[in-house]
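Enquirer: In case you want the letters, here they are:
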Amino acid sequence: MLKPPAILFLLILLSLGSLIFALSVGSLPLSFVDILQTLKGNGTDINRSVIFELRLPRAYVAFITGAMLSLAGMLMQVLLRNPLADPYILGVSGGASVAAILAIAFGLASSLVSAAAFIGALISIALVFGLAHGRGSWNPSRLLLTGVVIAAGWGAIINFILSLSPDQSLKGMLFWLMGDLSYAHSEQLGNLLLPSLLITGLLLSLVMARSLNVLSRGEMQASVLGVSIKPLRLSLFLLASALTAIAVTQAGSIGFVGLIVPHMMRLLISSDHRWLAPACVLAGGSLLLLSDTLARTIIAPQQLPVGVITAFVGVPLFLFLLSRGYKQQVLS
Amino acid sequence: MSLLSTSHLNIQIGNTKVCNDLNLECNSSEIWGILGRNGKGKTTLLHSLARLREVESGDIFIHEKNILTLTRKQIAQQLGVLLQHHEDNFPCSVMETVISGRHPHIGHWQWESKNDYALAHNALESVQLSHLSERPVNLLSGGERQRVSIATLITQNPDIMLLDEPNSHLDLKYQIQVLETLCNQTKAQQKIILMTLHDLNLAARFCDKLILLLGDGEVLLGDTDELLDEDNLQQLYDYPIKRINSGDYPAFIAK
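Residue numbers (this note's numbering), protein chains in the order written: chain A, 1 to 332; chain B, 1 to 255.
A hint or two may mislead.
[As the list claims (entries may be wrong)] Only pairs whose alpha carbons sit at most 25 angstroms apart, straight line, appear in this in silico BS3-like list of lysine-lysine:
| no. | chain 1 | residue 1 | chain 2 | residue 2 |
| --- | --- | --- | --- | --- |
| 1 | B | K114 | B | K73 |
| 2 | B | K255 | B | K65 |
| 3 | B | K242 | B | K255 |
| 4 | B | K255 | A | K230 |
| 5 | A | K230 | B | K114 |
| 6 | A | K3 | B | K242 |
[Stated by the list, open to error] Which bits of chain A does chain B cover? Going by a derived footprint, with three or more residues having C-beta under 8 angstroms, they are:
| no. | region |
| --- | --- |
| 7 | 81–87 |
| 8 | 156–162 |
| 9 | 210–218 |
| 10 | 265–277 |
[Claimed, not checked] From the structure, some residues in chain A lie toward chain B, with a derived Cβ separation under 10 angstroms:
| no. | residue |
| --- | --- |
| 11 | Q168 |
| 12 | L204 |
| 13 | L206 |
| 14 | V207 |
| 15 | S228 |
| 16 | I229 |
No wet-lab data here; the hints were simulated from the structure.
Each residue gets a CB set at the ideal place from its N, CA and C atoms; glycine is no exception.
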């Protein structure tokens, strides 16, 4: 078994490898040398435009979105003390989806679709928070129930809108609902908001990391060991929701990344959140980047929704790690 | 010196009055037992003393400071609790669990030092679990899991230990050995223990003082020798109990 720093180093290599892979494959295959030349500024015009206009922006958004989703999933799992929690479990993506497909139904531009999604996510967060808080205590099962019920409500509204929508906007809506990165464009490369939000999220998670280790043993035990539960719970909820809202705004609701990556990393690196948080960022980013590269190349020139691929890649990988993890536990 | 005291403490849970105007004074090197029937509030009393729940009225003092003026972390540096239930939601090794006891003593950005790990190793040794330190906690037996929690508490190293049924899941040998270890350490380091117990024989053997929760807010405080007579026990458990004086400690059997 490798030590956590070594695993983290391998994950950095994996991230770089995924990036090179994403930049090189496509309708115009590029060699590693081509990519290096272009990034240095010496490439041909066509290479430059393929990399800077198409592949790099998309890779950039894919990596950051994947990283945010798996970090949010990790935080949500500790908040609810439920290994089955994912970033969408409390309805954040449902609210975003309703607003986004409404925007698509009205034929709004893609930037406005993203804005609508973000507002929808915020409304959903406020709703769940207000209702779960109520007058009584704020325990995980109440939060979970409120979130799940609200998510179900959003689901019904989504189906309602879908059933009334004309055929020509239906495909766009479905792609959005399954998670799609084809909206990424070159201006996003200059936008430093996304990476700074990701880094802030990671730093905040690291600040809370040891408290999260204690919190995963239950709120009562965490209190006994000196953790002030209420502020920690609130920060966890807000941070996980904000990360999810931003990720959903970028790429729609991409499934599996936020559920599977934190799990895989717990099996691979440890349950110590000081290692787990950076590992989730690197692995989640790589998984989504690789999946998106496959999504746009497997049946090119047609594109698949990336959410389909994350499930295809994630499920067998996860099952493999799970069976291996159990074997190790039994033998140790 | 009084490590833990209460003044005019009122505790109620639901419709059950646990104690009424309780004035408790626990001094260093004392082992206290809390006895009572199911649902009379033993655990509630422990949780209240650790400020894990609000009390109806009255004050609690740790090292003569009102507990309401202390932060959660300051409380955790001086007072530890062995809870009745242990949650293991995610995969985690025995050592990772035991080292979490150092949490209140380590700064925000600090990692556990060699000294912290040495404390954890010693704690594991004192509950005879050194050989399992890398084992995932979810593969332990009930008794082993209970000893891991006790080791976590020893690693936390508080002046005041509140134990909620410390002997649950433990076999006869460990019931005696673990309590002996905890009580000897406590006496040697002039700390205190308060523990809820259902076993009168253990109470008679280890506790200097007792708190009997009779119900309806009625509480008897006093020395173990004086309180454990057949009349009090009949009243406490609503069942006749025979006291047999034999050997070093009295023995109790239900009639």
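Enquirer: Taking the hints in turn, state whether each one holds.
Expert: Now for the hints, and whether the structure bears them out:
1. K114(B) / K73(B): 22 angstroms, holds
2. K255(B) / K65(B): Since the Cα atoms of K255(B) and K65(B) sit roughly 45 angstroms apart, the hinted pair is violated (cutoff 25 angstroms).
3. K242(B) / K255(B): 6 angstroms, holds
4. K255(B) / K230(A): 49 angstroms, violated
5. K230(A) / K114(B): 31 angstroms, violated
6. K3(A) / K242(B): 59 angstroms, violated
7. 81–87: holds (count 3)
8. 156–162: violated (count 0)
9. 210–218: Holds: 7 residues of the region 210–218 of chain A have a Cβ under 8 angstroms from chain B.
10. 265–277: holds (count 6)
11. Q168: 46 angstroms, violated
12. L204: Interface hint status for L204(A): violated (12 angstroms vs cutoff 10 angstroms).
13. L206: 9 angstroms, holds
14. V207: Hint holds; V207(A) Cβ to chain B Cβ min 7 angstroms, cut 10 angstroms.
15. S228: 5 angstroms, holds
16. I229: 8 angstroms, holds
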